[in-house]
Amino acid sequence: MNDSDLNSLEVDVVVAGGGNAALTAAVSAAEAGASVAIIEAAPRIMRGGNSRHTRNMRTMHEAPTGVLVEAYPEQEYFDDLMRVTGGITDETLARMVIRGSGAAVAWLESHGLRFQPALGGTLSLARTNAHFLGGGKALVNALYRAAEAAGACIFYDAPITALDIEGGRFKAAVVEHGGKPLRIAGRVLIAGAGGFEANIDWLREYWGPPADNFLIRGTPYNRGAVLKMLLEAGAAQVGDPKQCHAVAIDGRAPKFDGGIVTRVDAVPFGIVVNNKALRFYDEGEDFWPKRYAIWGRLVAAEDGQVGHVIIDSKPVGRFMPPVFPPIVADTIGELAVKLGVDAPTLEKTLRDFNAACRAGSFDPNRLDDCRTEGLAPAKTHWAMPIDKPPYRAYSLRPGITFTYLGVKVDASARMQMADGKPSDNIFAAGEIMAGNVLGKGYLAGIGMTIGAVFGRIAGTEAAKHVRG
Amino acid sequence: MSAAEHDTTRAGILAEAERQMNICNACRYCEGHCAVFPAMEMRLSFGAGDLGYLANLCHDCRACYQHCQYVPPHEFAVNIPRILSEVRTITYAETAWPASLGRLYRGNGIKAGLITAAALALFVAGTVMLADPAALWGANRGAGSFYAVIPHNVMVALFGAAFGFALLALGAATLRFWRWMGADTAASGTDIGTGPCLAATAKALHDGATLTYMDGGGDGCTYPGEAPSGLRRIFHHLTAYGFLLCFAATSVATLYHYGFGLVAPYAMTSLPVVLGILGGIGLIIGPAGLIFLRMGADPAPADPARSGMDGAFLVLLLLTSVTGLALLFWRESAAMGLLLAIHLGIVMGLFLTLPYGKFVHGFLRLAALTRYAIEKKKGRAL
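These protein sequence lines are chains F and V, in that order.
Taking this note's numbering, I'd label the letters of the first sequence as residues 16 to 483.
Taking this note's numbering, I'd label the letters of the second sequence as residues 456 to 837.
Keep in mind that the hints were calculated from the coordinates and are not lab data.
Keep in mind it's a predicted model, so treat the numbers as computed, not measured.
Honestly, I wouldn't trust all of these hints.
Label-pair ranges, simulated between beta-carbon atoms [unchecked claim]:
1) F/Gly101 x V/Ile689: 49 to 57 Å
2) V/Asp462 x F/Arg373: 49 to 57 Å
3) V/Asp646 x F/Gly101: 48 to 56 Å
4) V/Gly644 x F/Ala358: 51 to 59 Å
Note that the Cβ used here is the ideal one computed from N, Cα and C, for glycine as well.
Produce the complete structure using the sequences and hints provided.
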């Protein structure tokens, strides 16, 4: 064996990525008899991409199942998708995802993952989303065990530095492994390497300087390297590059990887002001998860990409406990000083808001009749005077969850080229192609469904391609 | 926010546990794994009482570690099995009775070893010096042969006193722990108002006896490694029920002796011997299996300061069963006298250390499970 042998390797299927979609694809291909190499950019302890931070999968079902109540039929699922995307979806692929979701859950169960009924604080999803027992990392662990059992070869801490693609035909991936380049040749590439949300430079191309103030809720390893290489190699692009799923999270969250705990869901119980101490949007417009999905963008549009949610003592214990303690003060003036906003303005904002609140019967579980009158912007539900000290505040920033830009695929998960032809041997699954189905907006748990359904398709098709 | 290596003083451990619980309470992905997380969800603050309660609900299945997206090197550095193990040690030490003996939890493994070694030395030396040499070194057969070596009255006095004291100390520690758990309920809003009721105690006994929460929520502990496995629960059952069978063997033998005037040794087919053999086998396979699993276990979710205490207890149980079975099989040989002294020395070491070592986990856990049964009925997640 000479040096060049040491640094190269040949397999049937090269899987780029190490989360739900990549692993589902890898296990499916390996179980169909293909030799598989999984190339995960993260070290083992941080493996799994954004799947590590997930917790459920949106699942169609016609009748109650083990963990899901009632029914969530295909048409309702599809209507939900149409509503959030405003119709920006490929109906054929979307319906494949929806119809395949039940089988995806069963497949995951048969590969070591357990499901459980909706978690506390997520009861609104009890009907639509199957929750992973232990969360997304339990899924990731189960799939890595399944991949090992199926004989897949796993490379951790191995970012892909180049893809050898000629005329839409994949030949090999070059990875950085143990400080040395390693060339892994394959007859098929499955791209399941996620989006580019952790690549601030790339985000800045679309968002400008505000991107520097974004916090990235998921893995720091989703830098979009594989996505960029595929687009440069001539893949057809889907999804608006400027679109990303942004939620409002605690400004003290880590720059990357803060995950679920950094969310602050106090918005409907109080008001949100910007750095000028002024309100800028109806805090009572809608329920979680729609509320959850819009506040990131709203905050991103404000000066410094900051919003301060202010509540009094009444709602404590009525929303999920945030991970960071609130900023607390006995007076609004004192709170303003702690937040670094103008005290007289904040006092006036509060006074105006409190004066505009109309009494009603407060009920956080429905769109109640507590609203403001004669205030702009109005708070249309859950408006209660903020008057019971001590006052509490959380400073919010946009937390980016995922990006929508991806590569176009067909119903066999085969990547399409910009010239309209299908790639000979490149398939894609997961966030890197989710834009085909989810053109914009957000539907809780559908990302995992897209990954699992298309992962299985990609793995099966890849094995078929290998067998010729 | 992060504390990869926290301060290991009492205050440091409790502050670290509180920090981690606040992260878990904002996440809640693990609530299906065991009772700790549903109990946590009934609280918004975590004082020492709350933490001691949650720590003793924890069966150390480690699923929450293997499935956590915030384990080190993540800056949140969440490691619940380890920090709750550290809190448990605090509760053991601070509820010990008499209180001054709580210090036995510092360097517990070595102290348990020394106490057992001393008991063993005293029994062997005492027997050699005091026993009738003919009875001690001769082949011994027939009823009363054990008592020819060590008089029955001496055994009853020594072991009755040691066991009675152990029961008293364990009972006192359990009561003290019951009060400890209620210390911060005003702040956390989880005052249960009552003492343990019958239904809750029965539920706790059921959950303890079946190890309901030593299964990661269904698939088994992620122990010794990341893959779920039922082995630990099986070995724990063999250990616990082996211990109880041995205890039952001794109790039946006592009944035979005083109730029916039947004097040991008993026939191989007699109830005390059958119970003892079954218990002894469980008490060999169980602790040996647990020791074997420990040797290959992922060290990250374990508290290194606890390994002495846990290891010493397992070794002591194993020695008890091995010496007990050895005595049974060689009881008609010339080695019987010495084997009897060795076995009794080991058992005395076990009895003396029962209330000041790993054994207390069962009592405090039952108290925590009882509280959980009551809280679950009354409370709701926040």
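Hint by hint, here is what the structure shows:
Checked against the hint of 49 to 57 Å, the pair F/Gly101 and V/Ile689 passes, with Cβ atoms roughly 55 Å apart. Under the hint 49 to 57 Å, the C-beta atoms of V/Asp462 and F/Arg373, about 52 Å apart, fit the expected range. As the Cβ distance of V/Asp646 to F/Gly101 is approximately 51 Å, the hint placing it in 48 to 56 Å holds. Look at V/Gly644 against F/Ala358: about 33 Å separates their beta carbons, and that is not inside 51 to 59 Å.
Of the numbered hints listed earlier, the single one contradicted by the structure is hint 4.
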